[in-house]
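So you can see what is in the structure, the chains are spelled out below.
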Amino acid sequence: MGTQVRDQAQELLTLYERMALVRRTEKAAHDLFLSGLVKGTTHLAAGHEAIAVGASAALRADDYVFATYRGHHHTLARGATPEECLAELMSRATGLCRAKGGSMHLTKAATGMLGSYAIVGAHLPMAVGAAWSARLRGTGQIAVAFFGDGATNIGAFHEALNLAAVWKLPVLFVCENNLYMEYTPIADVTAVARPAADRASAYGIPGETVDGNDVVLVREAVSRLAERARAGDGPALLEAETYRHFGHSRADPATYRPAEEVERWLKHDPLDVARGQLTELGVPTETLAQADERVRDVVQKAVDAAKAAPGPDPREALTDVWADGGAAWRT
Amino acid sequence: MADVIDGQPAIQRQITYREAVAEGIAREMRRDPAVVCLGEDIAAAGGVFKTTVGLLEEFGPGRVWDTPISEQAIVGAAMGAAMTGMRPVAEIMFSDFLACCWDYLANEIPKVRYMTGGQVTVPLVVRTANGGGLGFGAQHSQATENWAFTIPGLKIAAPATPADVIGMMAAAIRSDDPVVFFEHKGLLASKGAPPPPDHVVELGRAAVVREGGDVTLVALASMVPVALEAAQRLDEEGIEAEVVDLRCLVPLDMSTVLASLARTSRLVTVEENPYQGGWGGTLVSVVADEGFGLLDAPVRRVAGECVPLPFADALEEQVIPTVDKVVATVRALAAY
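Protein sequence lines correspond, in order, to chains A and B. Start counting at 1 in the first sequence, then tack on 5, and there's your number in the numbering used here. Start counting at 1 in the second sequence, then tack on 126, and there's your number in the numbering used here.
Only chain A is shown next, with the shape it has when bound in the complex (with noise of 0.2 Å):
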């Protein structure tokens, strides 16, 4: 193997290993909401993992991600642990929101991951707001957007894609399109076939499709575009074509998805497409059942962890409303 595949082969193997990270994190996270110790909701992210993986190792580590209720793989991504993860779902003191966010609101700001936001295309102006504030302090950071392809039919995304066209900013737009904006085909209310891609002309920006099973296409296509940014260019939009392994949320079985469609995207999963490109490049197998067992391991310790850890004191409800770390309303 020469240097260069080498390097190849271990940078990909990294990537292998977050991506495992990640299925595994929601693999718990959904065994801990069937054995109720997850409340509320949950929208996994398993099958969307190298979308968050390719980007974030195209970006500088401080640069802004803006992610939604589908979140959890862009905070592991940037950096969050699995236990910080998963305690914030299991309303833990130790989460990453101190138990105040949930699954729907994953944040860990010190690493640039700004937060998951639940109403759709909600987050697409702030990462606007971002690349403005970056362009004006000169510091040379892009803000990145993920959505989903529902947030192509909402105001908020056609307003931040048109500003931040105009003040040509910093910023990408990632739209990772599942095919099913919850439960209905996003082709059944999408007047074009590509429902991010198809839009940027509109706004005079680049509008590009990648397979967003394949983590090293993705690493590519964002490292491009954030150069892009970076250099002034302004912004761009990526959309990449996944598909989800569960239903939309905790309360959706999927039922309405073909079984052949399903089947042949399984097929696809972005985990079997590093292995086999980890296969050709040489890696052999028991290197990545060392990862795999590496992954299993901490994902374990993190669940064990997290069920360990106390919940939030009842005092902390009446905090945080204001920076002084307080909730007065009056005199």
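Accuracy of the hints is not assured; some may be wrong.
What the hints assert, rightly or not - Cut-off 30 Å, straight-line C-alpha distance, at most; resulting in silico cross-link-like pairs (DSS-like, lysine-lysine):
hint, chain 1, residue 1, chain 2, residue 2
1, B, Lys317, B, Lys176
2, A, Lys44, B, Lys317
3, A, Lys32, A, Lys272
4, A, Lys32, A, Lys44
5, A, Lys312, B, Lys237
6, B, Lys176, A, Lys173
7, A, Lys44, A, Lys306
8, A, Lys32, A, Lys312
9, B, Lys451, B, Lys317
Bear in mind the hints are in silico, worked out from the structure with no lab data behind them.
Given chain A, work out where chain B should sit, using these hints.
Using the frame of chain A, we list chain B on its own:
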């Protein structure tokens, strides 16, 4: 403690409420390079109400940004910028249009700090022209301060004088919390003494703008001059009304209101927003909880009628509280 404003201003150049808005923003932009402005027609045009005149000239296009008619993008971008080190001042041209970006004011800006467990702060100001009296009809005349008042996590400022515009703008922009800043359209042409340099009016401090021992009138923004004029007329009838300018709805200065009631034992709120859901409902509920023993008479609310704002002056004055309505209400209450 409340401010007691007394005496007459010295003979000096007066400034309008309208000019005070631009002056208040400019003072903060001079002292803090993180302050930037965005909104529709605010830069080259100086604002449709001329409340941002001179900002582009003094601070340049890098700090004063014209936007498209995209309320969600304006307020959403302000939020993203505020989370990442800037202090944006966003203008929503008419407060009625807050409805177009209500998601940001209801779901995003006031909640993001809380739901992230305190990981982020959102130091921004959303300025907006509020209220009626100019004959703009149902979609450009509403007093919408009560909309914001339903949402924990927003501070709400609504100044009544040019000096307060400047002092409260300073406090709002320096605040690490989000502030909705209501500029009253009916007061834009009103004049007052300019405040001294570095004038800051802390948010959440009401002002007793007229002292009196018989009844407390609590008012906000354009209802402050209405209450003051009513107090003047009542004075001629021998009724001494104390007038409290709330200045902010959040923080709500109940201490000043309750202290005034301890002196007067009668309460009338004067609100431009509709009676239905108006801020006075919350204020009197606190009085009922904590100041019931101070009262010698029922509380009265003079508030907007619960209809859309009509166009004709003759109709609009039936809906928005007038001096006559306040006088009649106080007169009846004094006789209770």
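We went through each hint and held it up to the structure:
no., hint, verdict
1, Lys317/B to Lys176/B, "holds (15 Å)"
2, Lys44/A to Lys317/B, "violated (57 Å)"
3, Lys32/A to Lys272/A, "holds (18 Å)"
4, Lys32/A to Lys44/A, "holds (15 Å)"
5, Lys312/A to Lys237/B, "holds (27 Å)"
6, Lys176/B to Lys173/A, "holds (28 Å)"
7, Lys44/A to Lys306/A, "holds (21 Å)"
8, Lys32/A to Lys312/A, "holds (16 Å)"
9, Lys451/B to Lys317/B, "holds (25 Å)"
Going through the hint list in order, the structure does not satisfy hint 2, though it satisfies all others.
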